[in-house]
Amino acid sequence: MHKKQILITSALLLFIFILFASSAIFQDMFFRVTDRLDVYAHAHSVLGPLVFVGFAAMSALLSPFSSVPLVPLAIVVWGTETTALLLLTGWVLGGGISYSIGYFLGYPVVQKIAPKRNLEKWMETLSEKIDISVAFLFRLATPSETGYVFGTLQYSFWKYISITFFAELPFVYLAVYGGEAFINVGWITFLTLGLSWLLIVGIALYLLDKRLKR
1 MHKKQILITS ALLLFIFILF ASSAIFQDMF FRVTDRLDVY AHAHSVLGPL
51 VFVGFAAMSA LLSPFSSVPL VPLAIVVWGT ETTALLLLTG WVLGGGISYS
101 IGYFLGYPVV QKIAPKRNLE KWMETLSEKI DISVAFLFRL ATPSETGYVF
151 GTLQYSFWKY ISITFFAELP FVYLAVYGGE AFINVGWITF LTLGLSWLLI
201 VGIALYLLDK RLKR
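For the sequence shown, the residue numbers in the UniProt record's numbering are 1 to 214.
No lab work stands behind these hints, which were simulated from the structure alone. A quick note: this is a predicted structure, and the numbers were derived from the prediction, not measured. Mixed in with the good hints, there may be bad ones.
The calculated BS3-like cross-link candidates involving lysine-lysine, where the alpha carbons are at most 25 Å apart (straight line), are [to be verified]:
id, residue 1, residue 2
1, Lys159, Lys210
2, Lys159, Lys121
3, Lys213, Lys159
4, Lys213, Lys121
5, Lys210, Lys121
Working from the sequences, and respecting the hints, build out all of it.
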């Protein structure tokens, strides 16, 4: 997610968290929904996880969409470890799909999907220096849909998937344990994990900027 999307998602999550923490009505509604989802998930043991993975993959394809708000629901249904695995699978899968779209369909199609201004900026950045350290920092600091750019530039698929896997790991951890803190109404943990998310992106942007100026 880029800066604007991070801020919007963070503000939305904080607003939902405050409502949830301060209202027994919202807590009751949340657990009513999760009870129904739990029944559905057990009745559809294969389809349920596939739907969640699909939503996670969509967040790597469509810039305005994020699967993070769905994480608390998934944790109640499948538990922390399974949710982390499903979320990571979806994000990496979505990254692979966005890469393939860029690789096989090219810039004319990609510019209709990703924000054109950002797309041009990303391509200019990567076309100048695209060694693995720059690629990793870029992937860590920028939106997940930058897979379109790696594909358009025909960067190595397996290098890109490996970079995506390791770049997504800390965010999967933060999303899942943040979701757990949300459920348990853990103010300090929730806010700490949210700030850690922003800190990782900020440090990656700083290191990327220094690396590109060499």
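How the hints compare with the structure:
The hinted pair formed by Lys159 and Lys210 meets the criterion: a straight-line CA distance of about 22 Å does not exceed 25 Å. Pair hint Lys159 plus Lys121 holds up; C-alpha atoms about 22 Å apart against a cutoff of 25 Å. For the given pair, Lys213 sits about 23 Å from Lys159 by alpha-carbon distance, which is consistent with the 25 Å threshold. Of the supplied pair hints, the one linking Lys213 and Lys121 holds, its CA atoms being roughly 15 Å apart against a limit of 25 Å.
Restraint check for Lys210 and Lys121: satisfied, since their Cα atoms lie roughly 17 Å apart, inside the 25 Å limit.
Comparing the model with each numbered hint stated earlier shows that all of them hold.
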